[in-house]
Each structure stands twice: as structure tokens, then as C-alpha cells.
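Undergrad: Chain by chain, the residues run as shown.
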Amino acid sequence: MSDLTRATVLVVEDDEDTRDNLCDILELDGYRVDAVGTMAEALAPRDWSSVVLAILDRRLPDGSAEELLPRLKRFAPDVEVIVATGYADLDGAIAALRHGAADYIVKPINPAALRASLQRTAERRQLAQAKARSEAAFRALVEAAPTLTIILRLDGAILYMNPFAERLTGFSESEVLGRGFDAVFEDGEVRRQLIEDTAAGKSSTGPVREFKDKLRCKNGLHRTIVWNAELLPDFDGQSAVLAIGHDVTELYEAQKKSLQAERLAAIGQMMTGLTHESRNALQRSKACLEMLALEVEDRPAALDLVRRIENAQERLHHLYEEVRSYAAPFNLKREACDLRALWCETWSHVLQLSSDKHVEFSEEIDCSDLNCCVDAFAIEQVFRNILENALSAVPADGRIVVECKEAEVAGRPALRIAFRDNGPGLSAEQQQRIFDPFFTTKTKGTGLGMAIAKRIIQSHGGLIEAGGHSGPGAEIVVTLPRGIP
Amino acid sequence: MSAPLRIAVADDEADMRDWFERILPTLGHQVVSVAESGKELVEHCRSLKPDLIITDIKMPDMDGIDASQEICSERPLPVILVSAYHDPELIRRAEANHVLAYLVKPIGKAALEPAIGLAMRRFEELQALRKEAADLRQTLADRRIIEQAKGVLMKITAIDERAAFRRLQELAADKNQKLVIAAQSVLALEKTLRPAAEN
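Residue numbers (my numbering), protein chains in the order written: chain A, 1123 to 1607; chain B, 5 to 203.
These aren't lab readings, by the way, just hints derived from the structure by calculation.
Where is the CB? At the ideal position from N, CA and C, for every residue including glycine.
A couple of the hints might just be wrong.
[As the list claims (entries may be wrong)] Covered stretches of chain A (chain B as the covering partner; in silico rule of three or more C-beta atoms under 8 Å from a C-beta of chain B):
| # | segment |
| --- | --- |
| 1 | 1144-1152 |
| 2 | 1394-1403 |
[Claimed, not checked] Just a sample of chain B residues kept apart from chain A, beta carbon distances all over 12 Å, derived:
| # | residue |
| --- | --- |
| 3 | 25 |
| 4 | 44 |
| 5 | 62 |
| 6 | 77 |
| 7 | 88 |
| 8 | 90 |
| 9 | 92 |
| 10 | 109 |
| 11 | 111 |
| 12 | 119 |
| 13 | 164 |
| 14 | 174 |
| 15 | 180 |
[Unchecked claim] Using C-beta positions, here's what the derived DEER-type ranges look like:
| # | chain 1 | residue 1 | chain 2 | residue 2 | range |
| --- | --- | --- | --- | --- | --- |
| 16 | B | 114 | A | 1378 | 47 to 55 Å |
| 17 | B | 101 | A | 1399 | 39 to 47 Å |
| 18 | B | 100 | A | 1519 | 22 to 30 Å |
| 19 | A | 1532 | B | 78 | 55 to 63 Å |
| 20 | A | 1581 | B | 121 | 34 to 42 Å |
| 21 | B | 155 | A | 1499 | 28 to 36 Å |
| 22 | B | 74 | A | 1463 | 41 to 49 Å |
| 23 | A | 1438 | B | 100 | 45 to 53 Å |
| 24 | B | 115 | A | 1374 | 48 to 56 Å |
| 25 | A | 1581 | B | 114 | 18 to 26 Å |
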């Protein structure tokens, strides 16, 4: 009864004695009482939020309890109503109960009977509140759950869809409610699985478990969903199917990617083995060609052919080695290293290869610390590939500029190194494809140099991009995280 | 062209053995042994005492690194490895041994020639350094003995250090001995005299 005490009880009773009697009993029990004599007074403005109980006389001067009840409920929907009635009017009491009264008491008022009625009403109210709380909790659970929750009528019409399903599919509940699942998601198979198999009551197989299929969202993209379904025998009075879907799109993609990565790693290992074996074979043919050259020393035409085969072998060897360094798994040995020293050294090596060009090499450095934790050997290979490309692209009076400044990669401090030249530059297509394996603009390249460079930079957690600057000539930008020293 | 060398080669590929036999003479060298396996290389080197070993790594029964280690443990020799493989483990093992060059196949005469020259040069330097270190060690040991003998002479004859050293030099000159031998005689003499003096 604690629920009702200290709450306000509205007493509507025209008989003064009965009213006083009621008030005495209620006040004695600790209620605050608001007593009035007519229906008009009962409906007068008041603080309805504190009114939890009303005791209504069956017959009021300006109306009956049945008339007052619905109007009262409009102001205070949660109010519990007890109807007070005479012996002769039990029919009226029953009518009042039908209109939503919680209980009735018989006049003259017996305190014990009133207390018993109040007790019953309090219990009824507590039960109702507990049910409402439990329902609200379940509803909150369903609405908050990160799973697609859809309730379908057996004909496929959507009866309910939770907010997660709305976000995932892009359809709002209001636009799908009552529409057929097939029509909304353009998918008959999922509906068939969910409803027919569940509702058909295939007791042998049971309800649908872990059924995986794609679901078309509003934007036309598909998500991969794993469904479980359950038959609800009585959902608002009809049979329905509760379908719970887990979005496994990312998981599925990750699995596919990891399979792909495994495959690539296997190919890499195979390539390593293949190049080693090819080295032995190439070694033998090279050895034999050198011996053949000695045999035909006095025949210039034959010697020329030997040289040509040797060149072809060289090229084959070079190609194998490039493919190996692209495909083979490598272990980075990272240590603190001055990047400027690294590109300067690389430049001097590259320059030895092309003595016929006069190239001006300059640096624009806008940071004090050029140290980076990298695999010096691997990064030198990247710089060499970039600088070799630049050197072969620039005209006789070429210019190559290295620009270095502070940057960030994924929120970590990094160095941004841009290599620019005054060659013909890269077309949009070239910019896009320069890092693709076997893409080359040179007649003698393998087309793996920049692909290898990209792989090296990425394995350092860095970025490598082409183009982006407004001037003529090509630009390659490498961004390397400084890494752990 | 470096000085003519007597070279032992080993490779399990017949083409490679033929090539070594054919090409090394064009570089002015003599191939004294051609082995197909590590064990064979070890045996040949024992009897033929070559100046240089050029060997493949992966061979049946014993690999080139183990074979050259066994040979060099008996008598230091310069070793050039020629292999299609260059994984870190092999490089580490090569570094720990007498290997003076590591060539990755495929190689030609052009790669072999400077490798031989450099390996021989480094080996000579290494041997010279080894000898120098041994000489220095000996000098240091001799000096300690001479110092001790000087001390004994100073004590017995009550002369100063310079006089003691001169006396030691005179002793050596008289008997036409090295200074350290004279010093050793002094120490031996002192040792035989000591117990008598103490009795």
C-alpha cells in the first residue's frame, strides 16, 4: 500500500456524511484527500500528476460514475478508480468496472472494506507498473540491440523493425510497416527461408538457424546477414515470425581478405623458391655461354650471338629478381636513420648511371630533425626507384628537387618527402597506375620498381602518392611515420 | 691479373665444374682440384694444399661452409662462396667463418676475377695481421722475462736498472744469445740458488 500513501486521493461524493467518513478513514491512513461533491468539481483543473486514486460515488448530482470515468482518465490516464455504490445498485457497479474502474465498495462505508479495496487496487497498480517496466525494458533492449530485429506476418508483411535495422538498411520503420518483405528488400529467398521454414513448423529441422544471405539496402548496396528466426505464436493476436539478423559483412570481407593475403603470401614464397632455382639455371647457362664464347673466339658472328643470348639472360635474371623482391615476404630491420643522408647517398649512386645529363639536384628542407626509424636498405631502394625514374624523365638540363617537411600519418608524427622533376610529368592515367605491378613507361623497365616502392612504404606504415602539385613535371610524395626510435 | 694461384673448386653442377676448369686458366690460375661434394673438397685440400677455395654452398653430404671450416681449422685458407641462396642464416654462418667473398649466382668471369683478387689481398692482409699480433704477443712475453731478470740482477749484485740491463746485454753477447734467452738463464739460475740461500 506504500505505493498509494502520501499520494492524493480524489473523493467525489455528494453525500456529506459519507464524504466526511471517507476523508476521515483516508487521512487516518496517511493519504492526502481532495474531496468534492460533483462531477463538474471533479473535472476542474488541478495537479493531476499527484492524483493516483479516485473514489467516485456511483450517482452524482450532475452525472454517473460511468460518465465521469472516461473523462477523468483523459486527464489522468494512470489513475485507479474505485466506485462507491449502494446495495441496490450492484448492476451499476459492474457497469463501472466495465468502464475501467479497478474495484467497488458498498455503502455505507465500512473502513475494513475500504482498506481491503485500497489494498487490492495498490496490488493491481503495482502489477501493472511492473508489467509496463518489464515491457519497456524489453523494448529498450530490442531497440538498442546491434542486431537486425524484424517481425513479419506470415504473409510477409513487416510488422516491426528495430532502429538498428533502420540504420543498416536505410529504410525507416514507417516506410516499410505493413509492406511485404519481398517488395521492400526485393528478395524472395530470404523471406521464404525466414517465414516458410519457420512457420511451416518443420519440427524436424526446427526454426531457421544461421541462414546466411545478402540483403539489399535502400542505397542498392548489399550487406551479408546471418539470420535466425523464431515463430511467435501470439504477436498482438496473430502468428508472426521474429527474425534476428547479424550483419557479418565486415567479418566476411575480412575473412576473404585474409584468404587473399594467405594466397599472396604463398605465391610470394613460391616466387622466392622459383627465383633461387632460376638463379641456378641461369648460372649454368651463363657458364656454358662463357665457355661457348671461348670456343668460337675466332668467329665474330657467333660471338655476337653469344653476347645477345647473354643480354637476354641478363634481362631474364633482372626480371626474376624484381618479381622476387616484389612478391617475397620481407622482414624490415628498422633503426633510426637520417633520411637526408640516405637520399643524398642514393642520388650519388643513381647519378653514376647517367653521365650524359647535367642535372641540378636541390633540396628544400623545412624541418630540423630528419631522423626516421626505417629499414635503410629498403628505403634506399624506394629512393633509388624514384630518382632513377626522375633522372630518366628529365631533359639534358634537368632539375630534381627534394622537399622535406613535418607531417602526420594516422595521427602519428611523420616526414613528408616530395621528389619533383622538370620532365614531361605524369598523365592522369599514369598517376593512377604508376604503382601497379608491370606498369611502365620505359622501354627497358620491368614495371615493378614503383610497385615495390609502394609495398616497402606501406609496410613502414607510410604513404606514397603520385602527382598532386600544380607545376610541370612529375612529383612523387612519400610520407613516412617517424616510428619508434 | 693477380699472381697465378692453385685453386680448389667445388660445385655439384657439372656445368659449373666445367666452367671453373675452363675459365680460371684464362685468368692465369691453375685448377688443382675439382670436387662434387663437400667431403671430396676436404680430402682434396688435405693432399693438394691449394692457395684458394671457390665453393658452392648447397652440395650433397657436406655443404661448402662446413667443408671450408674443416679445411681452415687445419690450415687457414681464403674461401670464396658462390651460391644461388643468400638467406640470413647462410650469411650469418659465412660471416662466422673464413669466408672472404660471397657471390650470388648467376656470376660470370667478370665477377670472379675481382673477387679472387680482393679475396687474396684481404687474406694476405689478414695473415700479416695475424703474424703481427703473434709477434706482439711474443715481444710482450719476452719483455716480461727480461724485466724479471733485470730485477734479479739488481737484487743480487746491488746495481741500478741501467747497469743491470747492460749486464744482461753483455751476458747475451758473450754467449751469442738473444736477450730473452740470457734473461731466462738468469731466472733459472736464481731459481736454483734460491732454496740454498734460504737454508
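Undergrad: Run every hint past the structure and note whether it holds.
TA: Hints and how they fare:
Here the segment 1144-1152 of chain A counts 0 residues with a CB under 8 Å from a CB of chain B, which misses the bar of 3, and the coverage is violated. A count of 4 residues in the segment 1394-1403 of chain A with a Cβ less than 8 Å from any Cβ of chain B is obtained; the coverage claim is therefore met, three being the minimum. Not every beta carbon of chain A lies more than 12 Å from that of residue 25 of chain B, the smallest distance being close to 9 Å; the non-interface claim is violated. At the 12 Å boundary, the C-beta of residue 44 of chain B stays outside the reach of chain A, the nearest C-beta of that chain being 20 Å off.
A beta-carbon of chain A comes within 12 Å of the beta-carbon of residue 62 of chain B; the shortest separation is about 9 Å. The non-interface label for residue 77 of chain B is consistent with chain A: the shortest C-beta to C-beta separation is roughly 29 Å, beyond 12 Å. Once the 12 Å rule is applied to beta carbons, residue 88 of chain B is inconsistent with being away from chain A; the minimum gap is 4 Å. A Cβ of chain A approaches the Cβ of residue 90 of chain B within 12 Å, the least distance being about 9 Å, so the stated non-interface status is violated.
A cut-off of 12 Å between C-beta atoms contradicts the statement that residue 92 of chain B is not in contact with chain A; the least separation is 8 Å. The beta carbon of residue 109 of chain B is not kept farther than 12 Å from every beta carbon of chain A, the shortest such distance being approximately 4 Å. A cut-off of 12 Å between C-beta atoms contradicts the statement that residue 111 of chain B is not in contact with chain A; the least separation is 7 Å. Distance to chain A confirms residue 119 of chain B as a non-interface residue, since its nearest Cβ pair spans about 15 Å, more than 12 Å.
At roughly 59 Å from the closest C-beta of chain A, the C-beta of residue 164 of chain B stays outside 12 Å, upholding its exclusion from the interface. Every CB of chain A lies more than 12 Å from the CB of residue 174 of chain B, the least distance being 62 Å, so the non-interface label holds. Every beta carbon of chain A lies more than 12 Å from that of residue 180 of chain B, the smallest distance being close to 60 Å; the non-interface claim holds. In this structure, residue 114 of chain B and residue 1378 of chain A meet the distance hint of 47 to 55 Å, their C-beta atoms being roughly 49 Å apart.
Range check, residue 101 of chain B to residue 1399 of chain A: Cβ separation about 25 Å, and the 39 to 47 Å hint is violated. Range check, residue 100 of chain B to residue 1519 of chain A: about 51 Å between beta-carbon atoms, so the 22 to 30 Å window is missed. Checked against the hint of 55 to 63 Å, the pair residue 1532 of chain A and residue 78 of chain B passes, with Cβ atoms roughly 58 Å apart. The hint said 34 to 42 Å for the Cβ distance between residue 1581 of chain A and residue 121 of chain B, and at roughly 39 Å that hint holds.
Residue 155 of chain B and residue 1499 of chain A have their C-beta atoms about 58 Å apart, which leaves the hinted 28 to 36 Å range violated. One distance hint, 41 to 49 Å for the beta-carbon pair residue 74 of chain B and residue 1463 of chain A, holds here, with the actual separation near 42 Å. For the hinted restraint 45 to 53 Å between residue 1438 of chain A and residue 100 of chain B, the CB-CB distance of approximately 34 Å leaves it violated. As the Cβ distance of residue 115 of chain B to residue 1374 of chain A is approximately 52 Å, the hint placing it in 48 to 56 Å holds.
Separated by about 34 Å at the C-beta atoms, residue 1581 of chain A and residue 114 of chain B break the suggested range of 18 to 26 Å.
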